[in-house]
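*Asks:* Given next are the chains, with one letter for each unit.
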Amino acid sequence: MSKEKMKIGEISKPRFEFRTFGRSFEDTAYLMSRLSVPVPEKVWERTSKEIYIISRTNDVNNTKIRDGKMDIKTFVQEVDGLEQWNPLMKGEFPMKSEMLEKEVFPAFKVEMPELEKEEYTLDEFLEMVKTHSDLQAVSIEKERFGFMVNDTICEFANVWINGAMVVTVNSESTEIEDIKKTIKDIGLEGVENINYLQASKRVIGMIDKKLAN
Amino acid sequence: MVSAVIPRYEFRIFGNDLTKYEVKIKKFSEKEITREMDSVYLLTPWKRKNNVKIREGVMDIKNLDQEHEGLQQWNPFLVGKFPLKAEVIKSVVFPALGIESPVFGRKKYSLDQFLSEVVSIDPDLAVAYVWKTRHAFTVNDCITEIAEIKVNGSFIKTICIEAEDPDKVMEAKKMIGIDNDAENVSYPLALKRIMGLAVLPDYWNKIDF
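Respectively, the protein sequence lines represent chains C and S.
For the first sequence, this note's numbering gives the first residue as 47, with consecutive numbering after it.
For the second sequence, this note's numbering gives the first residue as 7, with consecutive numbering after it.
Just so you know, these hints were derived from the structure itself, not from any lab.
Backbone N, C-alpha and C define an ideal beta-carbon position, used for all residues, glycine too.
Treat each hint with caution, since some may be false.
[Unchecked claim] Result set (EDC-like, lysine to aspartate or glutamate): computed pairs, CA atoms no more than 20 Å apart in a straight line:
| id | chain 1 | residue 1 | chain 2 | residue 2 |
| --- | --- | --- | --- | --- |
| 1 | C | K163 | C | E144 |
| 2 | C | K176 | C | E201 |
| 3 | C | K188 | S | D23 |
| 4 | C | K95 | S | D208 |
| 5 | C | K256 | S | D118 |
| 6 | C | K256 | S | D23 |
| 7 | C | K176 | S | D130 |
| 8 | S | K138 | C | E238 |
| 9 | C | K110 | S | D208 |
| 10 | C | K255 | S | D44 |
| 11 | C | K255 | S | D128 |
| 12 | C | K88 | C | E187 |
| 13 | C | K188 | S | E42 |
| 14 | C | K255 | S | E28 |
| 15 | C | K142 | C | D126 |
| 16 | S | K59 | C | D254 |
| 17 | S | K156 | C | E87 |
| 18 | C | K256 | S | D208 |
| 19 | C | K226 | C | E238 |
| 20 | C | K255 | S | D23 |
| 21 | C | K95 | S | D118 |
| 22 | C | K110 | C | E170 |
| 23 | C | K256 | S | D147 |
[As the list claims (entries may be wrong)] Taking CB as the label site, the calculated pair distances span:
| id | chain 1 | residue 1 | chain 2 | residue 2 | range |
| --- | --- | --- | --- | --- | --- |
| 24 | C | D113 | S | I127 | 36 to 46 Å |
| 25 | C | N132 | S | N22 | 31 to 41 Å |
| 26 | S | D23 | C | D105 | 32 to 42 Å |
| 27 | C | E144 | S | N22 | 36 to 46 Å |
| 28 | S | D23 | C | R80 | 23 to 33 Å |
| 29 | S | K114 | C | M145 | 35 to 45 Å |
| 30 | C | T93 | S | E154 | 45 to 55 Å |
| 31 | C | S94 | S | K114 | 48 to 58 Å |
| 32 | S | K32 | C | N132 | 47 to 57 Å |
| 33 | C | R92 | S | L206 | 50 to 60 Å |
| 34 | C | K115 | S | E170 | 47 to 57 Å |
| 35 | S | E73 | C | E87 | 45 to 55 Å |
| 36 | S | H74 | C | S179 | 31 to 41 Å |
Make the full structure from the sequences, and use the hints.
*Replies:* Take a look at the structure:
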């Protein structure tokens, strides 16, 4: 059976992902770089600054804001320890109250604040988040280095969560077996799959659990 | 037990790249000792004048006594070893945290019981597990420290200059090259920023890509 070839930066069918967070993945980063096929220059190194909205009562919807645009992904399923997330909504600030009411706050799974305006700027939205006891905005800055191992899109990244640094590595693909082989090849067998939402919650103390190392 | 330690004046900064200061500290002093330790900090979003932490089973509370030309003077006012009496937790620890004390089910609490039965269920309390590797130096007669710290698994560095004489701290700060307008950031404030309990200023550990 032929499988869909993964291409970095192109939209494909839903991917499965293995990601983990810790303080040091030097060996994994080395193996990733040695096992990788050449990748497009545009993914050699990428930086971004984002705001994640973390909800105390939700682990299945992942909300991030980059350059004034909101992107919510929802957890679909876990297969063999790998996670599949699909896009749930995309929106832009200023954002209509209707969208906040019908799509955004339901995704947080928290009590709905009273919306008095027709639309909200990003700052106004973040102010609502600040005053909500179950929500927290987290600053995430990323320095990402892209690779391609066993036809899976891989990444090693330095991530600053509210200014404190962690390291993340991942492998994602539509093909589960390719990810499992990659996990083995880059020395991550037995390591916990930790997504961004989980890592952020652990660092900010919303979940009392350690990162992978 | 009330500690007899004379409070020192302190200036502390946090960041991921403090290399330019580290180089200067190492120019003025040999490294004297490296110590590793873990601490549990108890934090709330509100009160900023107390530093409440547990290290090696001992509850240690410091009070911010005064600020002098941008330096902070923290005064340790209680040292209590677990198991701690509920009465002590109620009358000393919770007032220091600035939040209402819960109803206690036990007369005494071990550290594990305190963390799992009191702290973890209190919505007003957050916990930071902090692992420190502290390297000690002496600059201008001041205790000077470079430390790598892990806050709930995330990494950041800190440099601290402290002495009983505030002028010596000011001079050491100048020798190390720390600007006059650099912000003095205490452990509780840094931890609150990392954990989202305090506003994150734009200049906080700015990452230059």
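*Asks:* Does the Cβ distance between C/T93 and S/E154 fall inside 45 to 55 Å?
*Replies:* violated (24 Å)
*Asks:* At the C-beta level, are C/S94 and S/K114 separated by a distance inside 48 to 58 Å?
*Replies:* holds (50 Å)
*Asks:* Regarding C/K115 and S/E170, is the given constraint of 47 to 57 Å on their beta-carbon distance met?
*Replies:* holds (53 Å)
*Asks:* Is 32 to 42 Å a correct range for the gap between the Cβ atoms of S/D23 and C/D105?
*Replies:* At 33 Å between Cβs, range holds.
*Asks:* Holds or violated: are the alpha carbons of C/K256 and S/D118 at most 20 Å from each other?
*Replies:* holds (17 Å)
*Asks:* Using the beta carbons of C/D113 and S/I127, state whether their distance is inside 36 to 46 Å or not.
*Replies:* At 39 Å between Cβs, range holds.
*Asks:* Quick one, are C/K188 and S/D23 close enough, alpha carbons at most 20 Å?
*Replies:* holds (16 Å)
*Asks:* Taken at face value, is the distance from the CA of S/D147 to the CA of C/K256 at most 20 Å?
*Replies:* violated (39 Å)
*Asks:* Would you say the C-beta atoms of S/D23 and C/R80 sit inside 23 to 33 Å of each other?
*Replies:* With Cβ atoms ~28 Å apart, the hint holds.
*Asks:* Taken at face value, is the distance from the CA of S/D44 to the CA of C/K255 at most 20 Å?
*Replies:* holds (16 Å)
*Asks:* Could one say that the CB atoms of S/E73 and C/E87 fall in the range 45 to 55 Å?
*Replies:* holds (51 Å)
*Asks:* Can you confirm whether the C-alpha distance between S/K59 and C/D254 stays at or below 20 Å?
*Replies:* holds (17 Å)
Against the hints set out earlier in the document, violations occur for numbers 2, 6, 8, 13, 14, 15, 17, 18, 20, 21, 23, 29, 30, 33.
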